[in-house]
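> Take a look at the letters that make up each chain.
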Amino acid sequence: MKLETLLKIDSRWIFLAFLLAVAIPIIRPIGLPLKISENTKQVYDAVESVPDGGIVVLTPDFSYDNTGELLPMLETFLNHLFTKNIKVVSVSYYGAASPLLMETAMKSVGLETYGKEYGMDFVNLGYIAGDETAVAAFGADVHALVKVDHYGTPISELTIMENLRSAEDIDLEISLSAGMNYPELYLRQWQTTFGTKVTGGSVGLIYAPLIPYISSGQLLGYLPSMRGAAEYELLSRKPASAIVGMDSQSLVHLVFIAAIILCNIGVLGSYLKPEGGEDET
Amino acid sequence: MTTVIGKKEIPVIIVALLSLLMIVPFFINAPALNSMSTEVQRMLVPIAGFALILGGLNVTLRNITKISKRSKDWQFSIVLLATFVFFLVVSLIPSPFFENLYTMAYVTVLGKVNEAVMALIAVFMATMAYRGFKIKNFETLLFTLSCLVVMIANAPIGEAVWAGAPGARNWIMDYPNMAGMRALNIGIALGIMAYGVRTMMGHERIALGDIEIKVKKE
Chain L
42 MKLETLLKID SRWIFLAFLL AVAIPIIRPI GLPLKISENT KQVYDAVESV
92 PDGGIVVLTP DFSYDNTGEL LPMLETFLNH LFTKNIKVVS VSYYGAASPL
142 LMETAMKSVG LETYGKEYGM DFVNLGYIAG DETAVAAFGA DVHALVKVDH
192 YGTPISELTI MENLRSAEDI DLEISLSAGM NYPELYLRQW QTTFGTKVTG
242 GSVGLIYAPL IPYISSGQLL GYLPSMRGAA EYELLSRKPA SAIVGMDSQS
292 LVHLVFIAAI ILCNIGVLGS YLKPEGGEDE T
Chain H
2 MTTVIGKKEI PVIIVALLSL LMIVPFFINA PALNSMSTEV QRMLVPIAGF
52 ALILGGLNVT LRNITKISKR SKDWQFSIVL LATFVFFLVV SLIPSPFFEN
102 LYTMAYVTVL GKVNEAVMAL IAVFMATMAY RGFKIKNFET LLFTLSCLVV
152 MIANAPIGEA VWAGAPGARN WIMDYPNMAG MRALNIGIAL GIMAYGVRTM
202 MGHERIALGD IEIKVKKE
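Chains as they are written, first to last, in this note's numbering: chain L, 42 to 322; chain H, 2 to 219.
I should point out that these hints are in silico values taken from the structure, not numbers from a laboratory.
Where hints are given, some of them may not hold.
Said to hold, decoys possible - Straight-line C-alpha distance at most 25 Å; calculated BS3-like pairs for lysine-lysine: (1) LYS314(L) x LYS279(L); (2) LYS157(L) x LYS279(L); (3) LYS314(L) x LYS67(H); (4) LYS43(L) x LYS8(H); (5) LYS314(L) x LYS9(H); (6) LYS137(H) x LYS49(L); (7) LYS148(L) x LYS125(L); (8) LYS82(L) x LYS43(L); (9) LYS49(L) x LYS67(H); (10) LYS135(H) x LYS43(L); (11) LYS188(L) x LYS82(L).
Unchecked claim - FRET-style restraints, in silico, Cβ to Cβ: (12) SER69(H) x LYS188(L): 34 to 42 Å; (13) GLU40(H) x GLY151(L): 36 to 44 Å; (14) ILE29(H) x VAL189(L): 47 to 55 Å; (15) GLY203(H) x TYR312(L): 56 to 64 Å; (16) SER96(H) x THR200(L): 27 to 35 Å; (17) MET202(H) x ARG53(L): 39 to 47 Å; (18) VAL198(H) x THR154(L): 48 to 56 Å; (19) ASN35(H) x THR154(L): 56 to 64 Å; (20) ASN35(H) x GLY94(L): 26 to 34 Å; (21) ASN138(H) x ARG53(L): 29 to 37 Å; (22) PHE28(H) x ASP93(L): 31 to 39 Å; (23) LYS188(L) x MET37(H): 37 to 45 Å; (24) SER149(L) x VAL110(H): 40 to 48 Å.
Small disclaimer: the values here were computed from a predicted structure and weren't measured.
By construction, the Cβ of each residue, glycine as well, lies at the ideal position given by its N, Cα and C atoms.
Work the whole structure out from these sequences, hints included.
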């Protein structure tokens with residue numbers, strides 16, 4: 042076989058390899074090892090360091106297109122938070138889908154499982170339009186900006202909101218984001234002004250640009266994609282959907298790596314061709 | 002008076018004053034200024050809500066025009082408008098039935114379509130990896146090698162394949178990546194500051210709605 046024929050593999054073979062890499066481990070899990078990174082431990086420690094009765098603001102700034110990566114992360118955070126005596130306030134600045142995703146996660150996690158009560162231990166404030174301006178206004182005076190929760194209940198009737206007046210009262214902000222600008226908003230408007238601690242997780246695509254904020258200590262660790270969620274599930278001893286996806290993710294990465302290697306063997310073959318072979322692009 | 006403060010100067014003065022009101026409380030702890038700044042921020046949130054309504058109206062008008070003129074792919078506009086009206090009606094009627102219908106339609110239709118599109122992107126990335134990472138010169142060699150290292154290290158199986166992968170990945174992320182990102186972030190921040198100052202001083206004509214420059218260029 043001539044090496045340059047590797048440059049002409051039909052895309053359908055790659056699609057088939059991708060499909061098998063995703064499907065086989067789901068049907069028959071392999072159980073590949075997973076090492077917990079320092080970054081994930083840092084996020085876990087940030088949640089653990091929230092004082093008894095403290096307030097955590099959880100901002101699911103993503104939509105349905107990112108549920109594969111971020112919904113398991115949201116669920117694992119909720120599972121961990123509800124094992125502790127922490128008040129969880131959910132609010133989103135991303136779009137109308139975010140409060141619905143929070144509802145989906147809450148159905149999966151279940152307040153009653155942990156003996157928690159809506160309005161006392163958890164509240165869903167829904168979506169607030171206005172992006173960075175809304176984040177700044179929320180940080181400055183929560184009660185001036187938000188009048189009702191996602192279901193129309195006045196926040197004055199919700200016990201959990203009594204001690205949340207401004208970003209100064211937030212013990213930890215957990216940002217789950219599909220866009221790089223969201224953790225930056227909280228850093229700019231809440232951390233710089235009020236000293237709020239910020240952590241969370243994001244889709245894999247935007248993780249690399251956020252690394253400078255982790256190394257500078259502005260972000261107290263940040264979970265990258267479903268892998269981060271899987272490591273967090275292991276740390277919090279609550280294995281769930283992210284762990285299930287890890288075998289598939291390993292095999293899909295191997296398919297990508299194999300594709301890159303194969304195409305470059307083909308490129309090498311075209312260079313070694315006696316008459317000067319042409320590259321097929 | 003009109004010769005000194007014309008119709009172009011008035012918006013510049015408003016922008017400059019409001020911008021200063023936002024900036025100054027960052028540096029000076031003056032309770033009066035702080036409360037004024039907070040009040041302005043709070044006022045901007047309903048304005049953002051109105052912007053959403055304006056966006057909805059714009060989409061409706063554009064698609065009605067498209068349908069009436071039978072422009073290219075006008076049939077899609079009918080689907081868009083029907084979906085728009087459906088979601089508008091079910092979300093505005095305060096009834097548990099319609100609330101459930103809204104949630105169900107959003108989660109089971111729009112949500113699943115979004116997920117499917119994202120999944121398709123992942124599948125096409127596989128062929129992109131095959132066609133895009135061809136080593137043709139030194140730069141593409143560096144690019145492909147760094148991608149391979151990061152990919153191996155990011156895969157949960159990565160460490161079993163190559164024990165040194167996480168260390169190599171961390172070096173790439175902590176030095177070349179971080180240096181590049183810091184430079185980019187600082188550059189963007191300085192650019193935004195410069196843009197802000199130019200807007201406050203009235204030098205950014207497009208920001209003030211002056212579209213004459215654009216029209217002339219076209």
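> Decide, hint by hint, whether the structure agrees.
Status of each hint after checking the structure:
{"no.": "1", "hint": "LYS314(L) x LYS279(L)", "result": "56 Å, violated"}
{"no.": "2", "hint": "LYS157(L) x LYS279(L)", "result": "18 Å, holds"}
{"no.": "3", "hint": "LYS314(L) x LYS67(H)", "result": "55 Å, violated"}
{"no.": "4", "hint": "LYS43(L) x LYS8(H)", "result": "73 Å, violated"}
{"no.": "5", "hint": "LYS314(L) x LYS9(H)", "result": "68 Å, violated"}
{"no.": "6", "hint": "LYS137(H) x LYS49(L)", "result": "17 Å, holds"}
{"no.": "7", "hint": "LYS148(L) x LYS125(L)", "result": "19 Å, holds"}
{"no.": "8", "hint": "LYS82(L) x LYS43(L)", "result": "49 Å, violated"}
{"no.": "9", "hint": "LYS49(L) x LYS67(H)", "result": "42 Å, violated"}
{"no.": "10", "hint": "LYS135(H) x LYS43(L)", "result": "18 Å, holds"}
{"no.": "11", "hint": "LYS188(L) x LYS82(L)", "result": "37 Å, violated"}
{"no.": "12", "hint": "SER69(H) x LYS188(L): 34 to 42 Å", "result": "41 Å, holds"}
{"no.": "13", "hint": "GLU40(H) x GLY151(L): 36 to 44 Å", "result": "40 Å, holds"}
{"no.": "14", "hint": "ILE29(H) x VAL189(L): 47 to 55 Å", "result": "34 Å, violated"}
{"no.": "15", "hint": "GLY203(H) x TYR312(L): 56 to 64 Å", "result": "58 Å, holds"}
{"no.": "16", "hint": "SER96(H) x THR200(L): 27 to 35 Å", "result": "28 Å, holds"}
{"no.": "17", "hint": "MET202(H) x ARG53(L): 39 to 47 Å", "result": "58 Å, violated"}
{"no.": "18", "hint": "VAL198(H) x THR154(L): 48 to 56 Å", "result": "53 Å, holds"}
{"no.": "19", "hint": "ASN35(H) x THR154(L): 56 to 64 Å", "result": "42 Å, violated"}
{"no.": "20", "hint": "ASN35(H) x GLY94(L): 26 to 34 Å", "result": "28 Å, holds"}
{"no.": "21", "hint": "ASN138(H) x ARG53(L): 29 to 37 Å", "result": "30 Å, holds"}
{"no.": "22", "hint": "PHE28(H) x ASP93(L): 31 to 39 Å", "result": "36 Å, holds"}
{"no.": "23", "hint": "LYS188(L) x MET37(H): 37 to 45 Å", "result": "21 Å, violated"}
{"no.": "24", "hint": "SER149(L) x VAL110(H): 40 to 48 Å", "result": "20 Å, violated"}
Consistency note: the structure conflicts with the earlier hints numbered 1, 3, 4, 5, 8, 9, 11, 14, 17, 19, 23 and 24.
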